[in-house]
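**Student:** These are the residues of each chain, in order.
2 protein chains.
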Amino acid sequence: MKHSLGARTLLFPTPVLMVGTYDRAGKPNLMNAAWGGICCSQPPCVAVSLRKATYSHACILERKAFTVGIACESRMVEADYVGIASGRDVDKFATTGLTPVGSELVDAPYAAEFPVVLECRLLHVVEIGLHTQFIGEIIDVKADSDVLDTDGLPDIGKIKPLVFDTAHKGYHGIGPLLGKAFTVGKGLVP
Amino acid sequence: MKHSLGARTLLFPTPVLMVGTYDRAGKPNLMNAAWGGICCSQPPCVAVSLRKATYSHACILERKAFTVGIACESRMVEADYVGIASGRDVDKFATTGLTPVGSELVDAPYAAEFPVVLECRLLHVVEIGLHTQFIGEIIDVKADSDVLDTDGLPDIGKIKPLVFDTAHKGYHGIGPLLGKAFTVGKGLVP
Numbered sequence: 005m006k007h008s009l010g011a012r013t014l015l016f017p018t019p020v021l022m023v024g025t026y027d028r029a030g031k032p033n034l035m036n037a038a039w040g041g042i043c044c045s046q047p048p049c050v051a052v053s054l055r056k057a058t059y060s061h062a063c064i065l066e067r068k069a070f071t072v073g074i075a076c077e078s079r080m081v082e083a084d085y086v087g088i089a090s091g092r093d094v095d096k097f098a099t100t101g102l103t104p105v106g107s108e109l110v111d112a113p114y115a116a117e118f119p120v121v122l123e124c125r126l127l128h129v130v131e132i133g134l135h136t137q138f139i140g141e142i143i144d145v146k147a148d149s150d151v152l153d154t155d156g157l158p159d160i161g162k163i164k165p166l167v168f169d170t171a172h173k174g175y176h177g178i179g180p181l182l183g184k185a186f187t188v189g190k191g192l193v194p
Numbered sequence: 005m006k007h008s009l010g011a012r013t014l015l016f017p018t019p020v021l022m023v024g025t026y027d028r029a030g031k032p033n034l035m036n037a038a039w040g041g042i043c044c045s046q047p048p049c050v051a052v053s054l055r056k057a058t059y060s061h062a063c064i065l066e067r068k069a070f071t072v073g074i075a076c077e078s079r080m081v082e083a084d085y086v087g088i089a090s091g092r093d094v095d096k097f098a099t100t101g102l103t104p105v106g107s108e109l110v111d112a113p114y115a116a117e118f119p120v121v122l123e124c125r126l127l128h129v130v131e132i133g134l135h136t137q138f139i140g141e142i143i144d145v146k147a148d149s150d151v152l153d154t155d156g157l158p159d160i161g162k163i164k165p166l167v168f169d170t171a172h173k174g175y176h177g178i179g180p181l182l183g184k185a186f187t188v189g190k191g192l193v194p
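For the protein sequence lines, the chains are A and B, in the order given.
Start counting the first sequence at 5; every next residue gets the next number (the numbering used here).
Start counting the second sequence at 5; every next residue gets the next number (the numbering used here).
If we strip away everything but chain A, and leave its shape as in the complex, we get (with noise of 0.2 Å):
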């Protein structure tokens, strides 16, 4: 028998992602969303979720483009820092001391300091209500060679990803690994 909570944005786990922008001036941002997700295969496309109220939601617009970057453990200070203070009022690449890269191929910058980043175009933007979705078409992702695995693929092991608990509000890391996907379901296949 399960309990009612009511209409709540509820879901386990959610990511820490790194919204990268230019403002009209040229000046880089950085935000903190945990509204989002991977929408799509083909094109590939990463899906973020802003409020209109926010500085980066008419930056996002202008240019057509934000990268996305991975939060890390090691960052963690830096990544809530940019989701309490505004654009609009700060530098906030000046105030955490994190090194704004411009992306060659989007119009948005990213923070060198996060091991994983997104580039995006801005592809769909969807009207929901208090949040703007914006869908964009992950044009590269770019990794330090230092969370690279032998296959040359990110290891989530070293990135130390952070995980946003939507219910108490806290940063967690990744534990250890369980099963391999498309793998330990088989056993069930009749």
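Be careful, since some hints might not be right.
Which copy? The list can't say, so a pair holds if one copy fits it or any two copies do.
Stated by the list, open to error - Mimicking DSS-like on lysine-lysine, the simulated pairs with C-alpha atoms at most 30 Å apart in a straight line are: (1) K162 - K173; (2) K31 - K56; (3) K184 - K56; (4) K68 - K31; (5) K68 - K6; (6) K162 - K184; (7) K162 - K56; (8) K68 - K184; (9) K56 - K190.
No lab work stands behind these hints, which were simulated from the structure alone.
Here the structure of chain A is known, so what remains is to put chain B in place on it, guided by the hints.
**Tutor:** Quick look at chain B alone, frame taken from chain A:
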């Protein structure tokens, strides 16, 4: 200096969502979706992306509803299986022994064994490419009493949700609490 990995669906973390639907004949079905996330706070909405080829795709369009269960460690085998088999060929509830429960709020079922479930009414359909994104308004969230904290909210440490690793296709657990959001970054506010 970051290395280019190409245009790929790499994001960390992604969830393991159990999407519940009825087909035209009323047979309950369950599938595994890692492409999804919360996409709006008001109205509370969740997005899941499914390929047109999946059996669940037509079911959502037909019934204008779906549920999203949170896959958990103790049900990893069943969660993986429903991502391998198709409801076109088998009754996945029968094969797994999972218990279908009909939502009283939306025209979709869920599996009783997953500790948290979101009951959703279809709000938007976004054709992106290989995947169609279904945005559902969360009408209610239901949870088992044994995953609730003293404040009545789900405890991520009791849910033990699965995390999908998009690079190496593994299922991971959740790691320890590292800090509180909207708090740990306050020290950087000037």
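**Student:** Confirm or reject each hint.
**Tutor:** Hint-by-hint comparison with the structure:
1. Taking the closest pair of Cα atoms, K162 and K173 come within 30 Å of each other both inside a single copy (24 Å) and across two copies (15 Å).
2. With identical chains, the CA atoms of K31 and K56 are at most 30 Å apart within one copy only, with a shortest distance of 19 Å there and 41 Å across copies.
3. For the homomeric pair K184 and K56, the shortest alpha-carbon distance between copies (25 Å) is at most 30 Å, but the shortest distance inside one copy (39 Å) is not.
4. Within a single copy, K68 and K31 get their C-alpha atoms as close as 15 Å, which meets the 30 Å cut-off; across copies the closest is 43 Å, which misses it.
5. Taking the closest pair of Cα atoms, K68 and K6 come within 30 Å of each other only across two copies (23 Å); inside a single copy the shortest separation is 43 Å, beyond that limit.
6. Taking identical chains as interchangeable, the C-alpha atoms of K162 and K184 lie at most 30 Å apart whether they share a chain (18 Å) or sit on different chains (22 Å).
7. In this assembly of identical chains, K162 and K56 lie within 30 Å of each other by CA distance neither inside one copy nor across copies; the values are 34 Å within and 34 Å between.
8. Proximity of K68 to K184 under the C-alpha cut-off of 30 Å is found in neither arrangement, the shortest distances being 37 Å within a copy and 32 Å between copies.
9. For the identical chains of this complex, K56 and K190 are inter-copy neighbours only, at 23 Å across copies versus 45 Å inside a copy, given an alpha-carbon limit of 30 Å.
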